[in-house]
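> If you want the building blocks of each chain, they are given just below.
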Amino acid sequence: MARYLGKRIFYLVLTLFIVTTLTFFLMKLMPGTPLTNQEKLSPSQIHLIYKQYGLDKPVWLQYIEYLINATHGDFGTSFQFSDQPVSYLISSRIGASIQLGVQAMVLGVIVGIVIGAFGAVKRNTWMDSATTIISILGISIPSFVLAVVLQYFIGLKLGWFPIADWGGFSYTVLPTLALAMAPLAESARFVRTEMVDVLSSDYIELARAKGMSKTGVIYHHALRNSLIPLVTIIGPVAVNIMTGSMVIENIFSIPGIGNQFVQSVLTNDYPTIMGLTIVYCFMLTVVLLLTDIVYGIIDPRIRITENRG
Amino acid sequence: MKISSVAKLGAVAAASLVLLAACGSKSSDSSSKDLASDQTLNWYEKSEIPTMDSSKSTDVTSGEVLNNVNEGLLRFGTNSKLHPGVAKTYSVSKDGKTYTFNLRKSKWSNGKAVTANDFVYAWQRTLDPKTASQYAYLFDNIKNATKVNTGKLAVNKLGVKADGDYKLVVTLDKPQAYFKMLVANPSFFPQLKSEVTKLGSKYASNSSSLVYNGPFKLTNWNGTSDSWDLVKNKNYWNAKNVKLKKVHTQVFKDPGTALNQFNSKKLDATILSGTQVKQYKNDKQFKSRKSASTFYLEMNQKKDKIFKNKKARQAISMVIDKKQFVNHVLADGSIVANNLVSQGLASKNGEDFTKASAVKSASTKNVAEAQKLWKEALKETGEKSISLDLLSDDTDAGKKTTEFLQSQLTKLPNLKITNQNLPFKTRLSRSQSGDFDLVVSAWGADFPDPISFLSLFTSSNSYNNGSWSNKAYDTAVKNAEGKDANNSTARWNDMVTASKTILQDQGIVPLYQQVQPQLVNSKVKGLVYFPTGANWDYSQAYIGK
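As you go down the protein sequences, you meet chains A and B in turn.
Residue numbering for the first sequence follows this note's numbering, starting at -12 and increasing by one per position.
Residue numbering for the second sequence follows this note's numbering, starting at 461 and increasing by one per position.
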């Protein structure tokens, strides 16, 4: 297990390094400058500002300096917010994003499991069709469309929850719903398929034959066994939520990092784009690593194969 | 020997003072009956405050907040009229090169006095190469400014001096009629040296690391937050005329969300996007705020000899149906521009500059006439058929513009147009190096004076990308900037002449002027808008019943 972990952590660092390098050089190729009124500045003034930001140095030197600083958690100073370190920008905003992401994940997965299990148990009835329709809609309707619909009907017309802004639990309801729909649909579909398989397997037949009650069988045997593979989709679902949050945070005006990511791209704020890319990449690889570890724990076959190989 | 024409300028200042007093008394009449009990304005911005350091601010959001929490020597009012700020009065020497500002006794929010030294310090800091200010060029005409900014001279050599605590003396290189307008911009606001040096790089990085001398104080801003509050500043010299207790501002990047917030009464104002404009154009809460930026077409005379021919340039202008373009293609509230100078920027005796300098031939659309002129131009220049590149930005508006112009221009016989939509930086460098046939350019004025636009097209100006050159124009602009700088009527006439000349000769083809379409709650009264710089002043605003 230790060797396996070590190997995985090495890959994690390698991934981060490659992503950092690629983003850095792609940034350099991007058209546009951090200057907001370039057309009105004289060349000597432009040079002065570039010097201030260290942009007058050769690219390779900028790259090495960046790498060294990044390992200390120093992602430089934002171009858009003058004198604000990128690390501060991220740390002051990441809380909202994580709260929203976790809420959406938990809500989506739990409701998804319930709906999926329900569909499998009531297979081939109208209730099964209803759950299928819900999951198809959930997967095919983009979160930003759902967001606007929720905002208009629940926020504006019914006035149940705030339309946008950030300031307490009630403000998180609509964005969480909008974000949770995709993981909900994904896990519902997954759980239903798995459970249909499990329900027709021999050990379920046996349990039923032993005289266990139907709910007992479903809870103790069918549901538990169909949840194991669900762990594998947590990774992709987390990715889904992270990318979705960029748009959702903009629509609901949530002070998170997704919102900031979009803004920094629009304002050519290279240090912020870089810093956020690294943070996103880090979160993603960590989630993937965690799911693999958890999977190894609950399904011993994975660990054994790894050890042998 | 400095001779100040105090009499004349004193009268101007006095007139403004009277006006301000009138404003005050009018609103104090209304104070008892007409004011709602909650004097909170819920305001909206499209983006966050990037910095509150007036030496570094370049964007509209920070400019707007700075203008409401701090105050310069003078303040902009409705229609960019100047009002006294920290300076009670000012005088200009006869040669127009020395400005003397007499400061009132006023306080910073921490109780310290606002003195002339705070201005000297702030301006020196802005020009200090270490600050790397992007607006340093606004100071270019102050004595030694360029040398200080490039590090050739020490900052204390800058032509601004404090004469005691309450007198500020500014020396210019040459007379500059609009210098008084510049000092109302946030870049010219005072800064308290003790705060700046004490806080170092933390200065202005959040609402508690700043001091304020304006109508409001900033609170609840952590340097990157999406919302903030302005609360009334009790130490402001004119605090008794500030009605609002609080301005709560929230950033909404999605115009749909902002509109929903407005409709649910959570916001008192919103800015509309193109599609929303169509829906709300006739709403009584709809306001269209003319901004100070014009989009125009430049024709490259250096590269294409056809554009040396005036008939060809006129044909280009006449064949374009600008009305159809702004109303049905852009459809974002923008208005037709028939003048290089933007509408609503400057006026004299109640007449807008664009009216005073209107030229009929440059504002008529006549396809048949255009085709005739184009044929003649082809004949005169000995060309059979021509194919030209049309350059613009790769933005949504840029693409709409080139597509529309292509459809219009190809109505001219034997003309082929190829569209090129490029990223801003590339477009800019190609414009500047003259690597284009036709380019859609834009200019936004930094101060409310027509010269801000007109100075662009003198023969030697680096923004004159099309290399259009006209002696009468050059002379008129030179006079406005030189010998007539101290004579406002002569200067106005020079600018009208220049503007008429470029339009008659069709040196450029004005296309459209940007407008900020807005919904404002009808209970909000007394908001002041002006088209350049900071745009908004809420110090006179109040919420009616």
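Please keep in mind that the hints were generated in silico from the structure rather than gathered at the bench.
Keep in mind that this is a model prediction, so the values were computed, not measured.
Note that CB positions come from ideal geometry on N, CA and C, so glycine has one too.
One thing to keep in mind: the hints can contain errors.
Said to hold, decoys possible - A partial selection of chain A residues facing chain B, derived with a Cβ cut-off under 7 Å:
#	residue
1	Q39
2	D70
3	S74
4	I141
5	A151
6	G155
> All hints are to be evaluated individually against the structure, with a verdict given for each.
Each hint tested on the structure:
1. Q39: 4 Å, holds
2. D70: 5 Å, holds
3. S74: 12 Å, violated
4. I141: 11 Å, violated
5. A151: With Cβ-Cβ at 5 Å, under 7 Å, it holds.
6. G155: Not OK, violated: G155/A not within 7 Å of chain B, min 13 Å.
In this structure, the earlier hints numbered 3, 4, 6 are contradicted, and the remaining ones agree with it.
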